[in-house]
Amino acid sequence: MTFVGQHTALAQAYDGITRLVAGLDDDALQRPTRCRGWLVADLLFHLLGDAQRALVTLASPADGPADTDDVSYWRSFPAGGDPDTTRHTWYVRRSAAAFDRPSGVVRIWADTAPAAVRAAGTADPQGCVTTQGHVLRVSDFLATLTTEAVVHHLDLVPDLPDAPPPGPLAVEVAVATMNGLLSDDAVRPADWDDLTYLLKATGREPLTDRDRVALGEAAGWFPLLG
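When the count follows my numbering, it moves up by one through the sequence shown with no breaks and lands on 233 for the last residue.
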């Protein structure tokens, strides 16, 4: 996907989350998500951290070449069992709880997410940036942000039945990431739509016996992303 496409996908991903949370009252912001231990406001605070990281990263160009891309970047993060994950989960819960009302997180997100998208649009398409110990091309960095936003969009909605789905271009980027992690030697089951694929590839939904038969040896690689 071109840089323009990656920027548009990120804008779509972040706008989708904004539209999802903008109309929620404080009670709805305290509903559960697919992320263990996190309410909607907690998960939104975690996403806010990504948008803030994007602002810093995009304002901090790095010398190339890139040492990772939008797929291999995710292999640095284990699918589960990392003690740092537990600590981060607890940090997010405590930080989100420090707001006097859950809607306070929404207000900051609504200011920060569009700023991150604008910063992405003015970044050097041929440039590199550094984040979390890696050097990536700008377009690949945007793809990592989009993938995480789409997956967490799906995490936000299980107790919000009227929530809109993530946008199609943003979903396309997340699906491409999963395809890269799955490798060229395996094909997802034909009866999985894109959102089912994302939920199963990230361990949000378990593989069925039918899924395992269809995937064959590749079933052992799941979840592809934690």
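None of these hints come from the bench; they were simulated from the model. Any given hint could turn out to be false.
Label pairs and their in silico Cβ distance ranges [to be verified]:
1) Gln59 to Phe84: 16 to 26 Å
2) Gly140 to Asp216: 31 to 41 Å
3) Asp191 to Pro213: 17 to 27 Å
4) Arg82 to Arg108: 16 to 26 Å
5) Asp216 to Ala66: 24 to 34 Å
Small disclaimer: the values here were computed from a predicted structure and weren't measured. No residue lacks a Cβ here, since even glycine has one placed at the ideal position from N, Cα and C.
Evaluation of the provided hints:
no.: 1; hint: Gln59 to Phe84: 16 to 26 Å; result: holds (19 Å)
no.: 2; hint: Gly140 to Asp216: 31 to 41 Å; result: holds (39 Å)
no.: 3; hint: Asp191 to Pro213: 17 to 27 Å; result: holds (25 Å)
no.: 4; hint: Arg82 to Arg108: 16 to 26 Å; result: violated (39 Å)
no.: 5; hint: Asp216 to Ala66: 24 to 34 Å; result: violated (49 Å)
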